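J.: Sequences are here, hints too, so could you generate the full structure?
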Amino acid sequence: DTEVTQTPKHLVMGMTNKKSLKCEQHMGHRAMYWYKQKAKKPPELMFVYSYEKLSINESVPSRFSPECPNSSLLNLHLHALQPEDSALYLCASSQRSGGGNTGELFFGEGSRLTVL
Amino acid sequence: DAKTTQPTSMDCAEGRAANLPCNHSTISGNEYVYWYRQIHSQGPQYIIHGLKNNETNEMASLIITEDRKSSTLILPHATLRDTAVYYCIVSSGSNYQLIWGAGTKLIIKP
Chain A
739 DTEVTQTPKH
749 LVMGMTNKKS
759 LKCEQHMGHR
769 AMYWYKQKAK
779 KPPELMFVYS
789 YEKLSINESV
799 PSRFSPECPN
809 SSLLNLHLHA
819 LQPEDSALYL
829 CASSQRSGGG
839 NTGELFFGEG
849 SRLTVL
Chain B
1245 DAKTTQPTSM
1255 DCAEGRAANL
1265 PCNHSTISGN
1275 EYVYWYRQIH
1285 SQGPQYIIHG
1295 LKNNETNEMA
1305 SLIITEDRKS
1315 STLILPHATL
1325 RDTAVYYCIV
1335 SSGSNYQLIW
1345 GAGTKLIIKP
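Chains as they are written, first to last, in the numbering used here: chain A, 739 to 854; chain B, 1245 to 1354.
Everything labelled a hint here was simulated from the structure, so no lab data went into it. A quick note: this is a predicted structure, and the numbers were derived from the prediction, not measured. Just so you know, even glycine gets a beta-carbon here, dropped at the ideal spot from N, CA and C. Hints are supplied without guarantee of correctness; some may be wrong.
[As the list claims (entries may be wrong)] A short list of chain B residues far from chain A (calculated; beta carbon distances all over 10 Å):
hint, residue
1, P1251
2, H1321
3, R1325
4, T1327
5, I1352
[Stated by the list, open to error] Mimicking BS3-like on lysine-lysine, the simulated pairs with C-alpha atoms at most 27 Å apart in a straight line are:
hint, chain 1, residue 1, chain 2, residue 2
6, B, K1296, A, K778
7, B, K1313, B, K1296
8, A, K776, A, K756
9, A, K778, B, K1353
[Said to hold, decoys possible] Computed footprint of chain A on chain B; a stretch qualifies when at least three of its residues, placed anywhere within it, have a C-beta under 8 Å from a C-beta of chain A:
hint, segment
10, 1253-1264
11, 1310-1317
T.: In C-alpha cells, the structure reads:
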C-alpha cells in the first residue's frame, strides 16, 4: 500500500465553523506533512510531524491546529478561517525523518477547502 | 535556504526527450535536488532526486552540473500523459523543509 488517503476531498465551511481534515498512511512512514497550495502556485509547507511530534510549524496562524494521534494518522483542525484560507490542502509522508534527505514524499490527492 | 528558478512553461513533441532546466545557484553542500510533478488537480508525484551524481530511474534522468548550481530533468520519451507542472526543489540542509520553485508547465504536443 503506497497510498496517502485524504478526507474529505472537498469541504465548504463558513468562517464560524469548526471542521477537520484527515490524512492516513499505512506505509510505516515516520514523518508526515501538511502543505497548502493556492491556485497556480507551488505547495507551501505548513507543518511537519516526526515520530508523532510536531517538529516544524512554518509560522502558521493558530486557526490551523495540527494533530498526530498515531503514526498513521494526521489531522488538521480548522476554526474561524478566513476566505483567503481557501486552497488545496495536501498531506504527505516520508519514510525517513531527518534533515536534508527525507527521500521520496508520498502525497495524497488533497482536500479542496472553500471558506465562505 | 537555497531557492530555485525554472522557466514558466515549455513545449515538447510527443516521443521526443523533454529537458527541463533548473537553477539553484545558492545550493549548499548538503542540500539535495528533488523533482516532483503535478498533474492538474492531483497531488504531486515524486520523480527523482540527487545530491552530486547524475541519477536515473524508470521515469527520468537527473543531470546535476559539477558545481551543483543547476540541474536538468530529462524525460527520455515524452508522452501526452507527461503534461504537468514540474517542480524543482532543494531540500533544506537543516530540516525537512522542501523549498518549492514556481514550477515549469510542460505541455507535450502530438
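J.: Would you mind marking each hint as holding or not holding in the structure?
T.: Results of checking the hints against the structure:
Every CB of chain A lies more than 10 Å from the CB of P1251(B), the least distance being 14 Å, so the non-interface label holds. Distance check for H1321(B) against chain A: the nearest CB is about 23 Å away, which clears 10 Å, and the non-interface claim stands. Interface exclusion of R1325(B) from chain A stands, the closest Cβ pair being 17 Å apart, more than 10 Å. Non-interface call for T1327(B) relative to chain A: holds, since the shortest CB-CB distance, roughly 16 Å, exceeds 10 Å.
In this structure I1352(B) is separated from chain A by more than 10 Å, as the shortest Cβ-Cβ distance comes to about 20 Å. A threshold of 27 Å between alpha carbons decides the hint, and for K1296(B) with K778(A) the separation of about 30 Å lies outside it, so the pair is violated. The straight-line distance between the Cα atoms of K1313(B) and K1296(B) is roughly 10 Å, inside the 27 Å bound, and the hint therefore holds. Restraint check for K776(A) and K756(A): satisfied, since their Cα atoms lie roughly 21 Å apart, inside the 27 Å limit.
Proposed proximity of K778(A) and K1353(B) is supported: the alpha carbons are some 21 Å apart, at most 27 Å. For the segment 1253-1264 of chain B, the proposed coverage by chain A is not satisfied: 0 residues have a C-beta within less than 8 Å of a C-beta in that chain, short of the threshold of three. With 0 residues having a beta carbon nearer than 8 Å to a beta carbon of chain A, the segment 1310-1317 of chain B misses the requirement of three or more and the stated coverage is violated.
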